[in-house]
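Trainee: Spelled out, the chains give:
Number of protein chains: 4
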Amino acid sequence: MPATSLHDQFRDVAFTTAVPFSRDRTDVRYDALADNVSQLYEAGARLFIPCGNTGEYYALTDDERIDVVESHVEATGDEATIVGGAAGNVPEVTALAEAYEAVGADAVMVMHPDHTYAHESGLLEYYDRICDATDLGVVVYKRGPELTRDVLAELSEREAVVAIKFADDDVKEFSQTVDDADGDVTWLNGIAERYALSFAIEGAEGYTTGVGNFVPEVTLELYDAIRAEEWDRARDLQQLLRPLEDIREESGTENDLAAANNVPVVKHGMDLAGYEGGPVRRPLVELPDDDKARVEDQYATIDAADPY
Amino acid sequence: MPATSLHDQFRDVAFTTAVPFSRDRTDVRYDALADNVSQLYEAGARLFIPCGNTGEYYALTDDERIDVVESHVEATGDEATIVGGAAGNVPEVTALAEAYEAVGADAVMVMHPDHTYAHESGLLEYYDRICDATDLGVVVYKRGPELTRDVLAELSEREAVVAIKFADDDVKEFSQTVDDADGDVTWLNGIAERYALSFAIEGAEGYTTGVGNFVPEVTLELYDAIRAEEWDRARDLQQLLRPLEDIREESGTENDLAAANNVPVVKHGMDLAGYEGGPVRRPLVELPDDDKARVEDQYATIDAADPY
Amino acid sequence: MPATSLHDQFRDVAFTTAVPFSRDRTDVRYDALADNVSQLYEAGARLFIPCGNTGEYYALTDDERIDVVESHVEATGDEATIVGGAAGNVPEVTALAEAYEAVGADAVMVMHPDHTYAHESGLLEYYDRICDATDLGVVVYKRGPELTRDVLAELSEREAVVAIKFADDDVKEFSQTVDDADGDVTWLNGIAERYALSFAIEGAEGYTTGVGNFVPEVTLELYDAIRAEEWDRARDLQQLLRPLEDIREESGTENDLAAANNVPVVKHGMDLAGYEGGPVRRPLVELPDDDKARVEDQYATIDAADPY
Amino acid sequence: MPATSLHDQFRDVAFTTAVPFSRDRTDVRYDALADNVSQLYEAGARLFIPCGNTGEYYALTDDERIDVVESHVEATGDEATIVGGAAGNVPEVTALAEAYEAVGADAVMVMHPDHTYAHESGLLEYYDRICDATDLGVVVYKRGPELTRDVLAELSEREAVVAIKFADDDVKEFSQTVDDADGDVTWLNGIAERYALSFAIEGAEGYTTGVGNFVPEVTLELYDAIRAEEWDRARDLQQLLRPLEDIREESGTENDLAAANNVPVVKHGMDLAGYEGGPVRRPLVELPDDDKARVEDQYATIDAADPY
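Those protein sequences? They're chains A, B, C and D, same order as listed. Sequence positions in the first sequence follow the working numbering and run 1 to 308. Sequence positions in the second sequence follow the working numbering and run 309 to 616. Sequence positions in the third sequence follow the working numbering and run 617 to 924. Sequence positions in the fourth sequence follow the working numbering and run 925 to 1232.
One or more of the hints may lead you astray.
Said to hold, decoys possible - Computed cross-link-like contacts, DSBU-like style, restricted to lysine-lysine with a CA-CA straight-line distance of at most 35 Å: (1) C/K908 <-> A/K172; (2) C/K788 <-> A/K172; (3) B/K600 <-> D/K1216; (4) A/K292 <-> C/K908; (5) A/K292 <-> D/K1216; (6) D/K1096 <-> B/K600; (7) D/K1096 <-> A/K172.
The hints are simulated quantities; they were obtained by calculation from the structure and are not laboratory data.
Produce the complete structure using the sequences and hints provided.
Mentor: Rendered as structure tokens:
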């Protein structure tokens, strides 16, 4: 798929898919994963990001990461774009990118940097080396301070970079970054449905979704409303999905860490909606019962609203 | 070395050593590294943490990490304690720990968690699995919110855990954590000289140093003053070292990211003091000239003070 | 003016006016102030908020505050709405509100709370008492954490509350607050032009402006574009004004405090555009020369663009 | 009392006293206040700060503020130092200072600045004008970013400034500030018992207390242990008081605002200990029952420990 086409493929909802594990969480259930992804494709999903945070990237081995990406390639049709997440230093990311390419991925999303200390010029060189080392399209993932406006403006000029996932809750900074960056990239709102309208009005042409793993039609409907500039409809759909997103941001029980519910809510929703969710790996834990009940309520509300 | 002895070994200054690279930064210069470490040992350093942030952990390959740890084992005498840093998910950390043990390390320091989302119980299980999988002493590294007071109190009870490196600038939280944690661990102030007095008065029995890579005698002198409760002398030494630490916290030029100077200052200091510092790997870059000059001034001031 | 009409008056750009001082900053220049306000009225401004932060509220005496509000009433025509800012405890705010009413103001904006400690229920009672004590319409000003979503939802139900100025840069929270609040209030984006599009798409029907003090036509044009849902035009106008807003957010020279340039930029712009700006009172200081030059450049750019 | 003597008076525990109100909170109960203060004086308290945050400064009228300060002067013996809090712009603060002087106060504590925008030079001039306008000793109150290290270093040189209350939880910044400031001032740890050891080791010669309103002997004992460098005893006393301070930092019920319990815990403790606490004014509310029970438990624990 040529790079120009890739830019266009990112003008869509990007599904950051979850990975179903065996009951003891030891193994990835690739068949179940393939069923999930295939169902999403049938529901209209075209852009997939396996091995992101919702995919529990940091709890997977490299072999699993590659097999997860391959499962997406195989379980989807011709119109699908598959973007594998990869983190680490240059050799680590480029090795994964090479493997993703070998199994048929279209692009690699470089995860937000882990390095404890970094310099903007050093980060630029880091991304440049990755761009040079892969034939895949590169998606740059901004989350946290490391990728400054200047770095993103510079990276937008790289031919390999097809999209930038902007995942900080700062719509002013996003707006200014889009304006400052002269390169030809597709901008993704990386913080999902609750920011879908405000980031779209400032230049985002797509967004990433987690709840799309189990209510794909609703988030695709939201995307459609935004593209059509039907703002009242878009706001209604956004409000319909908001409570699920709010629960994901919570800590659950016996825990003070923010957003520990993030992936567990998605997986419980998948279980409810006929997808294969199941358990999460450590350092995450299952959703507490009362939060499960809240997710069930919200899922029922969405189902009853039948917006699509 | 039995665990009881390890606890005592951590009542010291912990040298988080830097790694010298070839001019093109492609290779680790193991001979130069061995010279550095051996010189530090001669200067009185006994506790070494290779493969930490000052050791550019995130820019090393696994093979390099293991060889760096081995170099420390070989370059130091019988009284040395060698603690290798390791990050990632359970299989990744335990594989590194096994390799560190094979080359003669005494302990493994589990780096602050990278996982984007975590739950306190899940983190506990994460550390428990690592503790179960290694015969090395385990050092827990708190930096950021993930390791809450409750998690640290629980981990302090694990037999494998010998020390906790507390690297948040919150002396009240540190004090309360030490008081809440009933287990037998050695508490390390993980944010170096500028916090050495205040954390010591609240229960820290050791601290980690970066500038110790090139002024080991001064930081060991500071440690001695604290142990002797000679607070005026300790404050003077702390103030002598403070400007170097302040420069490390800065961003350098053409950069907005905090502490990009952290490792470059250490390496430039090493070059000044007759150690092998040299270049840093990406995403870090060399120290700008004016910051080099400031480091030189401070180094000269310390040299002239000749406190030891 | 009946309350229903007031709600509608807030569907507009709210001009938070600056106060011109004598050269030694001792006296308010009421004639100059009246000229400024009258010019703004002629340029199309209809909604005025004297005695806000841009009006250096905290550096005025109570007598000056009242006279400043009165000047606005007298210098504007029948279509103007005048909203005086007031801060402090219940007796302090209600005394000012009474005085503002006596000089002809339409509403009182209660400044963000100063109290070091507060409880949500206590804040509700604080606002309720103010509402009970005045016949003016009340504008609630959210800036910082004190006015939570719950408090704002409750306050939206008060008959006296006609508008809520939301001045935190959190568009998700704004969106959720608007959705949760069932009362009949007009929502104002309280952080000006750079947030004008994103907050409008989430339910803001007006916004406050500082640069409107000297480029009123441009910000009114921006408002018009937003109302017309002409987003490309709106984005262009937003980008045209953005650099001025960015400079206002800066610290100037020999200073680390954020946004010290806020009012000085406005006053220098006023001097450039034929309004009476002049000096600022302590703890603010005049704009440094290089920032003055940057404001001049930006003003020239806007002038050349001649968007209206 | 000459300024040199004042400096010495601040080498002590500074009691930030609470103000008892009538049941409907309308009136200050001056007799009860005088009883409280007189009891504290008998218990050994010598340094009093009425009209601070614990004194609900922001909920008092100017007349009440002055009368509260006067009550302190009258209810205490010759050895007492009385420091009245004052906030606002220059005319507001100087008017209060003048009134405090007239009723016999020794010093005025200028509250942390309220001004929404400020410049460091402008702040300096603000404090200079206050210093020039009063014959009282001036206490500078740092809380939040406004009073930078540079501003404090400068203010330390003013003859009128006798003490600086440093109330940010940043012991490194405190240490550096003390080192940078060449002037002759007494440094107060402004965040009470939990920071008493760490700030003392870095140069604080006194600290402010809230719980001292009802357990004065314990906090004076802690101060004594610190002065004697009996660190184990000091740590024990600190740990004994810590839970009360932790509850003060909490939000109570039906509230998300931090530290809403701050003053209510103190007043409930006063009720328990035979002082006159009583209700708080809005925007604070009474302590919830379960928090009252926790305060009672802690008070009983302290009483049983009988450390003095």
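Trainee: It remains to establish, for every hint, whether it holds in the given structure.
Mentor: Status of the hints after comparison with the structure:
A C-alpha spacing of about 24 Å is found between C/K908 and A/K172, which places the hinted pair at or below 35 Å, so the restraint holds. A threshold of 35 Å between alpha carbons decides the hint, and for C/K788 with A/K172 the separation of about 13 Å falls inside it, so the pair holds. Using a Cα cut-off of 35 Å, the hinted pair B/K600 and D/K1216 is violated, with the two alpha carbons roughly 57 Å apart. Restraint check for A/K292 and C/K908: not satisfied, since their Cα atoms lie roughly 57 Å apart, outside the 35 Å limit.
Taking the CA atoms of A/K292 and D/K1216, the gap is near 33 Å; set against the 35 Å cutoff, the hint holds. Taking the CA atoms of D/K1096 and B/K600, the gap is near 24 Å; set against the 35 Å cutoff, the hint holds. For the hint pairing D/K1096 with A/K172, the CA-to-CA distance comes to about 33 Å; that is within 35 Å, so the pair holds.
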